[in-house]
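> These protein sequence lines are chains A and B, in that order.
Each residue of the first sequence is one higher than the one before, counting from -15 in the numbering used here.
Each residue of the second sequence is one higher than the one before, counting from 4 in the numbering used here.
Source of the hints: derived by calculation from the structure; they are not laboratory data.
Misleading hints may appear alongside valid ones.
[As the list claims (entries may be wrong)] Below 25 Å or equal to it, Euclidean Cα-Cα: the simulated SDA-like pairs (lysine to any residue) are:
| # | chain 1 | residue 1 | chain 2 | residue 2 |
| --- | --- | --- | --- | --- |
| 1 | B | K216 | A | K30 |
| 2 | B | K119 | A | F(-4) |
| 3 | B | K90 | A | L27 |
| 4 | A | K30 | B | E55 |
| 5 | B | K90 | B | P48 |
[To be verified] These stretches of chain B come out as covered by chain A in the derived footprint (C-beta under 8 Å, 3 or more residues):
| # | segment |
| --- | --- |
| 6 | 152 to 166 |
| 7 | 169 to 177 |
| 8 | 224 to 234 |
Note that CB positions come from ideal geometry on N, CA and C, so glycine has one too.
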Amino acid sequence: MQEFLHMGGYAFYVWSSYALALVILLATLISPILRRRQLLRRLADKISLSGNQS
Amino acid sequence: MWTFFHKLGSPRYFYTYAGRLLPWLAVLTLILFGVGLYWGLVVAPADYQQGESYRIIFIHVPAAWMSMFVYMVMAGAGAIALIWKMKLAEVVAISCAPIGASFTALALVTGMLWGKPMWGAYWVWDARLTSELILLFLYLGVISLYSAIEDTRTASRAAAILALVGVVNIPIIHYSVVWWNTLHQGATITKLDQPSMDTRMLIPLLIMAVAFKAYFGMVLLMRARCEVLERERNSNWVREVVQLS
């Protein structure tokens, strides 16, 4: 395990690459989830607003 | 068959079918990443020249491939949107841009982290690196042009034209290692004769490449569904979707 984490002395380069990949891919995945949530809330507000007027 | 495509082109059907496909894509992405990462990090042997540092390849190369693949999808969808004025193609094109920018940024940073121990420098202004950086700027250009124009359809058209102009950069990236004398190594897999790579490394690399594709498909559908909801916000079916949620 120690040896695996050490990556033959390249631990910093290898693990930063994988960590950055995780961060970037997760951020790209989460952004549409958040956007969807906001959008649905906004549209729901709009509908209830127009429903009250008519 | 044609009616299926025709229906799929309609935002409402796209929204429904994409929603049904998403969980499957998520599972597929997770499995592929799990297998690819285990194989690449644990099973694959160390490189005889680069030692363990070469394991960056399992992120770097798929990300770099995707940076170009996503660009072609974006430009292709942009062309369809321009020629046939198809709304869904506009949605797909603009949804590709941030994902492609992410892949490009990832390819660039992992390349830097690989370049430092192997070449002795994080960055060199060589043809491959510079053309990939231009690709990132093209993505950012498409995103900012789109968001700068108020009217959605005009914005889509302008962004599609920019994306199409930028296509010239793709062959430049691909052939940069051939046309110029660069520090970056030449193609090892996408050349016509046998790939000059050990199968024990090639297989996890290809699995990771497919994992990145599945991930892209999933995120693209998620973004496109948001975009469709936003654009069709005044239609009845969106109202139904919102009330059900």
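> Taking the hints in turn, state whether each one holds.
To see whether the hints hold, each was checked on the structure:
1. Distance hint between K216 (chain B) and K30 (chain A) is unfulfilled; the C-alpha atoms sit about 37 Å from each other, more than 25 Å.
2. For the given pair, K119 (chain B) sits about 11 Å from F(-4) (chain A) by alpha-carbon distance, which is consistent with the 25 Å threshold.
3. A hinted pair counts as satisfied when its Cα atoms are at most 25 Å apart, and K90 (chain B) with L27 (chain A) qualifies at roughly 21 Å.
4. A hinted pair counts as satisfied when its Cα atoms are at most 25 Å apart, and K30 (chain A) with E55 (chain B) does not qualify at roughly 55 Å.
5. Under the criterion of a C-alpha separation no larger than 25 Å, the hint pairing K90 (chain B) with P48 (chain B) is inconsistent with the structure, at around 48 Å.
6. Counting residues of the segment 152 to 166 of chain B whose CB falls under 8 Å from any CB of chain A gives 0; the rule of at least 3 is not met.
7. Counting residues of the segment 169 to 177 of chain B whose CB lies closer than 8 Å to any CB of chain A gives 0, which falls below the minimum of 3, so the coverage claim is violated.
8. Coverage of a stretch by a chain is defined here by at least three residues with a beta carbon nearer than 8 Å to that chain's beta carbons; for the segment 224 to 234 of chain B and chain A the count is 6, and the condition holds.
The earlier numbered hints that this structure contradicts are 1, 4, 5, 6 and 7.
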